[in-house]
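Visitor: Residues per chain are reported as follows:
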Amino acid sequence: MPLNYDQLNRLLAGDTVAIRGTATLEPAGGPGDKIFPPTHAVDDNNRKPGAKYAFETRRINGQDVICVLIDSVQSQANRMEEALEALWADKRIALPVVSVDFSSVAPEVGRVTSLTAPHRIADALLRDSLLGDQLFRLSEIGKSFTDASTRNATALFKVCPTGLVFGLWDSTGPKGGLGAKFQRALVSEIVGIHAAHGSKTESRIDPLNILKKAADIFEAEGDERWTPDIARAKKNSIGEPVKFGKEGKPSEVNHGNVTPTIDSVAGGVTIDEAKHTVVLSLAALRRLGFAESATEARTVLAALGLLAVLASESRGHDLRSRCLLVPKKGCALTLEAVRRDGETTSLELDLAAAIKLYNDAVAALPPGVKFEKPAGEPLAELTPSPKLAELVTRSRALAAVEADVAEA
Amino acid sequence: MLAIEVELLTGRYAATAHNDRGRAEWPPHPARFFSALVAGLYDRYDMDQAERDALLWLELQGPPSLRVDPQPHVGRRQALDVYVPVNDITLGGDEAIRDAEDKIAEAKTPAAKRKFETALEKAKREAVAVDIKPSDKAVKTATALLPERRTRQVRTFPVVLPETPTFALLWSNADAAPHRAALERLCARVTRLGHSSSLVRCALADGDLTPTLVPSDEGEVVLRVVGPGQLDRLDQAFEHHQGVHSRVLPARPQRYGPAFRKATPSPQSASVFSSTDWVLFERVGGSRPLASRTTDLARALRGGLIEVHGNQDLPATLSGHAENGPTEQPHVAFVPLPFVGHEHADGALMGCALVLPRELPGRDRELLLRLVAKWERERGTDRGDLTLAGGTLPPFRIRRVDVSAKAALDPMRWSRSSARFITATPIALDRNPGNLRSNQDGTARKAALEAQKSISDACLYVVGVRPVSVEVSLAPLLPGAQHVRDFLPWPGRPGRTPRVRVHADIQFAARVRGPLLLGAGRYFGLGLCLPVEDR
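For the protein sequence lines, the chains are A and B, in the order given. Quick note on numbering: the first sequence equals residues 1250 to 1657 in the working numbering. Quick note on numbering: the second sequence equals residues -13 to 521 in the working numbering.
For reference, chain A alone in the conformation it holds in the complex (with noise of 0.2 Å):
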């Protein structure tokens, strides 16, 4: 029987300490295929093989086995907000979610919500737009939350409870560092077991064969861009012409081939199997207090958490460029209550159950905490200032002349 309602608030009211997921997965191409973990940044003088992913050894049945963090807590946590905004989007879910629309300036931006700025309600792309015609956090629901703190959490609530769940610090608002300061109750991480890394090769052969010393390239006038004809090259003030990029090759423009190289500081990995652990504490929801409603809310939180987890897992694990990862046979995402003395029972829940356990708990919350807007509406529809707009529109037309320069 999946999970519902009156079992969550037991669970919520009772000596349930968190609720735990874990699944094992596969890369998509079977066990032993490569893929490629998230890299760091390293010092050009540490060229190590494999050095640009996070390895780290863990102690399993008695051994150290090599593993690497194949998406992190912070990553994760972006993929479960973009799996609740593409839900509300949906309209299946109820969810307080500000908004800005930078379609008009920025088409490549698009949309950005509380769920997917970096810092959710509280990032500067907000507080440097408008509601009607304020800035944000000179607004009614801008200035509601500011004085939000975990002994009174009702107003962050109402405005961004998954501030609540995956954490929120607003530390550049009105109260600079003092500002409302939530810490996660929702940790969710993919690691890669017996990780070996290996090489990856680049390389371009160019269709029409152009060779190198084909031709000197020229930087030429408006559209045309280059040019091989010196008589059509730009001119520079002592009447020289001038080369494309540094050398006036080919392949500045992008033409003829790219030698070969093998990389194998960022060369992929080959791994036995990825565990994918996430844990809600429903302890920490516990401490959060409340003007009114505190149980109702807490519920609230808490399914939220659990929509998130099957949200997200339902979407599928496309981490990145050739890192698909699909749970193995029968391994699929399993959860468990952990109680306070550490006794485990295990719980059923699916995306279905998720969705309709917390379409139950917004729908029983008391008139004071409800959420204002249906599935789908935003709470808050924000513009770019003008000023911001014009800002981003001359910044793009520079980036744009800037992108033609290819690197040498």
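By construction, these hints were calculated from the structure, which means they are not laboratory data. Cβ coordinates follow ideal geometry from the N, Cα and C atoms, glycine included. Each hint should be verified, as a subset may be incorrect.
To be verified - If you anchor each label on the Cβ, the simulated ranges turn out as follows: (1) A:Ser1595 with B:Glu170: 24 to 30 Å; (2) B:Pro381 with A:Gly1591: 53 to 59 Å; (3) B:Asp34 with A:Gly1359: 48 to 54 Å; (4) A:Ser1398 with B:Asp34: 15 to 21 Å; (5) A:Gly1591 with B:Ala91: 29 to 35 Å; (6) A:Ser1595 with B:Asp34: 31 to 37 Å; (7) A:Ile1309 with B:Glu329: 44 to 50 Å; (8) A:Gly1591 with B:Asp34: 21 to 27 Å; (9) A:Gly1359 with B:Lys94: 48 to 54 Å; (10) B:Asp218 with A:Gly1311: 40 to 46 Å; (11) B:Asp122 with A:Pro1280: 48 to 54 Å.
Once you have looked at the hints, place chain B on chain A.
Guide: Below, chain B without anything else, positioned relative to chain A:
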């Protein structure tokens, strides 16, 4: 018996070591756990007195034993740099508006109010209106606001992955009966330990748990623990940092060793100086003198305390002076601590310590500690920095610390028991042994024997046993230590004969508990010996 069990729900523990930001802490330090309990205490507006009492009681129970995976059973994640998006980029419009609104509210006259209202209108316009000629900075800010282009700042997240995801803190002699219920409630509110991603389950444990790591003077692991007054210290510190500003966890160091180590027989002989009761100061700036300036620094340290004390007489145990001249009893030693004994040691003074005699009366100890506190208050900067200077010594800035990351400032480095000690700074001999540098073999040899005898007497005086052998040398015997000729004459006062100084390699028959401070200058940094492994 009080046992608190902690389960790492995510299987990992993410907490940065207090003395190395690139490394994760393991085992978890009891002081950190106490802070987590305190955080739970203040969850609500109205604090529960029973819970506060429980914490005040826990402070007094001494350092716990731990049941925890030892280092070899713990996996680690490489602490690589991660780039996280910042949030302090802004075009700043809302701040200007808020300031203007505040000014209007505070305006005293209608004229002032009108002036500020105009300013407010202006601020509101400028916050949103298009800038005809925006500055480069404004354009860059706008770009950096977009999520994909947001500026990022480096952070590291060191993580350990113990084989057993649970560990426990055990106080075997504590009777927690009156406080159990309150402690249960507090433990239920410990939801994380370390970084917010280290979610934990915490509860009182019933069963008999055997410890794997126990407090031990011989131990190699130093963990931060709490003592009486910790809750007050945390409360006071919170006034300053508000949970936001950077701060250092107040704590005291405690050595831990494996619970099942074969009990090495306690050394019979111990120094008259305490092996743990030191007041430590770490160098935080100013000059970097080498060990050869040790007596200058020691005098400056003593001078600093006497100066702030004023004219009242210090007890003999602190000043070293009785009515009729120098006192017989051991008194406080002022010991600058050099970095010696390691492959790359350079002999620089890393800080200094007040080493108290083992049997210092409680009252005198109180007086000294209060004197140090007075010195910090009256002569220290906001951060508690003190400056030592005097004579030809360039200013040397220090700060009192409970625990230091520097090896040279670890009391155990100098106090652990050993059968062999080598001088870090030369011993100033009580009697002139003769000419150690003589070209005539006979003379030099006789002087060496005299020196050995003198040192043997000094050992008897300080630790109560004679060594089986002493080798003397004018050249240093430890990496980083300096030749005796580099040291200024001691006592270096007009009318007093300078002592002959020698380095020595001293071997005892059985282990002796340090610290070993020998010879005439032992209260001023000379004759400081490092315990080393046997030949």
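Visitor: If a hint holds in the structure, say so; if it doesn't, say that too.
Guide: Consistency of the hints with the structure:
Checked against the given bound of 24 to 30 Å, the beta carbons of serine 1595 (chain A) and glutamate 170 (chain B), roughly 26 Å apart, stay inside it. The hinted window of 53 to 59 Å between proline 381 (chain B) and glycine 1591 (chain A) holds, with their beta carbons roughly 57 Å apart. For aspartate 34 (chain B) paired with glycine 1359 (chain A), a C-beta distance near 49 Å keeps the hint of 48 to 54 Å intact. Evaluation of the 15 to 21 Å hint for serine 1398 (chain A) and aspartate 34 (chain B) yields a pass: the beta carbon distance comes to about 18 Å.
Against the hinted window of 29 to 35 Å, the Cβ-Cβ separation of glycine 1591 (chain A) and alanine 91 (chain B) comes to about 55 Å, which falls outside the hint. With their beta carbons about 35 Å apart, serine 1595 (chain A) and aspartate 34 (chain B) fall inside the hinted range of 31 to 37 Å. Restraint check, isoleucine 1309 (chain A) to glutamate 329 (chain B): a C-beta distance of roughly 36 Å breaks the suggested window 44 to 50 Å. For glycine 1591 (chain A) paired with aspartate 34 (chain B), a C-beta distance near 25 Å keeps the hint of 21 to 27 Å intact.
The hinted window of 48 to 54 Å between glycine 1359 (chain A) and lysine 94 (chain B) holds, with their beta carbons roughly 49 Å apart. At roughly 45 Å, the beta-carbon separation of aspartate 218 (chain B) and glycine 1311 (chain A) lies within the given 40 to 46 Å, and the hint holds. Taking the beta carbon of each, aspartate 122 (chain B) and proline 1280 (chain A) are about 52 Å apart, inside 48 to 54 Å as hinted.
When the structure is compared with the earlier hints, violations turn up for hints 5 and 7 and for no others.
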